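Number of protein chains: 2
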Amino acid sequence: MRIETTKAVTAIGQVLQEQLGHGLLAPGSKLPAERKLSELFGTTRITVREALLQLEAQGQIYREERRGWFVSPPRLAYNLMQRSHFHAMVSAQGRVPSTEVISARLQPASAAVCAWLQLPALSSVIQICRARRIDERLVLYVEHYLNPQYFPGILQFDLNQSMTELYARHYDLHYGRVRFEIVPTALSVDAAAALRVSVGSPGLRIARVNYDQHQRLIDCDLEFWRHDAIHVGVDVV
Amino acid sequence: MRIETTKAVTAIGQVLQEQLGHGLLAPGSKLPAERKLSELFGTTRITVREALLQLEAQGQIYREERRGWFVSPPRLAYNLMQRSHFHAMVSAQGRVPSTEVISARLQPASAAVCAWLQLPALSSVIQICRARRIDERLVLYVEHYLNPQYFPGILQFDLNQSMTELYARHYDLHYGRVRFEIVPTALSVDAAAALRVSVGSPGLRIARVNYDQHQRLIDCDLEFWRHDAIHVGVDVV
DNA sequence: AATCGGTGCTGGTCTAGTCCAGATAGGTAA
DNA sequence: TTACCTATCTGGACTAGACCAGCACCGATT
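Chain order of the listed sequences is A and B.
Heads up, our numbering is the position in the first sequence plus 908, with the first residue counted as 1.
Heads up, our numbering is the position in the second sequence plus 908, with the first residue counted as 1.
What the hints contain is simulated information worked out from the structure, not anything from laboratory work.
Note that the coordinates shown come from a computational prediction; the quantities given were computed from them, not determined experimentally.
Check each hint, because a few of them may be wrong.
The list treats identical chains as one, so a pair stands whether inside a single copy or across any two.
Once the Cα atoms are required to be at most 25 Å apart in a straight line, the calculated DMTMM-like pairs of lysine to aspartate or glutamate come out as [to be verified]:
# : residue 1 : residue 2
1 : K915      : E958
2 : K915      : E942
3 : K915      : E973
4 : K944      : E958
5 : K915      : D1098
Based on the provided sequences and hints, a complete structural model is requested.
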C-alpha cells in the first residue's frame, strides 16, 4: 500500500479501503454520513464525496439515494458460456435472487430493437421490463424484447419467473446460439430509476440476441447491471 | 430528448450531447475550457465539471490531463471469439494501431499471477508492460506475464510487435484455449499513469489466461482499457 | 537551427458554506 | 393497534471563490 501520497482524496480512499480490506466494514454495512466523514478527516464534504466516488468507481462501495453509502457485496460470477439463467446462477453461488416485473406490454419497436430482431420498421414487439435483486439488493434492470409471432398470449403468464423456463414449458423453445455485446457505460435513465441509483452512475450494458433450437431469432435482452455487481467470465475453446 | 429537467448538470449534459449527436463536435475535437463553459452556461466550474464527468461516464467525452476535454472516437469492436491480436483487429476496422513497451523484465510473481499461471509461490515470471494506441490515442495498458520456461531469451526480441506473432515465429507456440474475465472497475494506478488519465478513471479490466496448442498454460495478460474505447462481442454457439 | 526560459492557459484539488428533497423514526391522535 | 404527522438525518445540487502543477506556445539566446 502506498502511503506517501499528499492528496486528501486518495488518503481518505486509502483509509477506508484499509478498513474494508480487514473486514472491519462488512459487505452491506453502512458507512458514516458524509458530514461525519468530513469532520473525521478534517476536510470538506466535497472532498470526502470525491473520495467516495472513486471508491464507487472501483466497485468497493455503492450508494442508495438519500440513504447512505454501503460496502459492496462480492461480485456475481456471470459465465457467458454456461447458459444458465439469473435465478439458477445466483442460487448456485449461495445467494438469494428475486425478480419484480416493472412493465409488460405490446408496443412499437424502437429502431435499435428492429435491427436486433431483424424486423421491418414500425413492427410491434412485446416489451417486458424487470428489476432483479441479489440478497435484496437491486443489481440488474432488464428489458426483454420478444418477437410476438413466437409467443402468443405470453403476457398472461406470471412474468416474475425465469423466461428461459417459461419458454421451455409453454412454447417448447430453447435457447441455441446467443450473441452478447458488452459495453461499459453509464446507466440509462430508466435503468437508474429502476435500480434506484442516481442517473449517470457507471454500469455495464449487456445486450443479448437469442436464437432458438431451430436457429430462429426469437428475442433479445438489454441488461443494465450495476457495474460493481458482476464479473463476466468467458471460456473460449 | 427530455428537456423538462431543472437540474443544471443534466441540462448542460443535454446541450453538449445534442451538439455531439449532430456532429457539430467531431470525434477527437476539443471542448471549450471548463471556465469558458461555466461562463457560457452561467454556472460554476464545479457544476460544469460534474456534467462533464457524467458524459465521461457515458463514454461520450474523455480528458487528457491538464490538456482538456475531447470528444470520444467510436468504440473498437473487440470480439473474443475471433482470436485476433490488437494490431490486426484495429487495422481491420480501418484505424491505426501502435504499441510502446514500458518495461520488460524477469521478476518475482505476485500472488495473483502465481494463481493464474498455476505456479508455486515466489516463482519468477517475465513481465512485459505495454501501452497501445488507436489513431494516436492511448486506449490500452497491458501487463503480460509469461511462464519463463516456455520463452527463453524472449526479452532480446523487439517487443513492440504482436506477442502472438512472436510466439508463433520464434517458439512455435499458438494460442489454444483462452479464459477471459471481464470486470468493470477503476483503472489501476499504473494503468492510469501509462494512459495518462487521472487515477480513478473508469475502465474495463480484461484478464486473459492463455493455453497453447498442447493445452499448456503459457501466459496471461492483464488488460486495462479506457472504458469508452471498446465494446466487447461474444458469439456463443 | 536548436535549445532554453518565460508566461498564460488548462485541468486538478480544495475550502466553506447554502438550500432542497427524500428517507426514517418517534410520537400523537383516532 | 393503526394511521398519520413531524422533526431530524441523509445525500443531491449548487455557489463563489482559491492555489497549484503540468502543458503549449512564443520569443530570446546559443
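For K915 vs D1098, is the C-alpha pair at or below 25 Å within one copy, between two copies, both, or neither? Only across copies: K915 and D1098 sit 17 Å apart there, 36 Å inside one copy, limit 25 Å.
For the identical chains here, do K915 and E942 meet the 25 Å Cα criterion within one copy, between copies, both, or neither? both (18 Å within a copy, 22 Å between copies)
Check K915 against E973 for me: Cα-Cα at most 25 Å, and say if that holds within a copy, between copies, both or neither. between (27 Å within a copy, 16 Å between copies)
From the Cα coordinates, with 25 Å as the cut-off, is the pair K944 and E958 best called within, between, both, or neither? both (15 Å within a copy, 23 Å between copies)
At most 25 Å between C-alpha atoms: does K915 with E958 qualify within a copy, between copies, both, or neither? both (12 Å within a copy, 20 Å between copies)
Violated hints are absent here; each numbered hint is respected by the structure.
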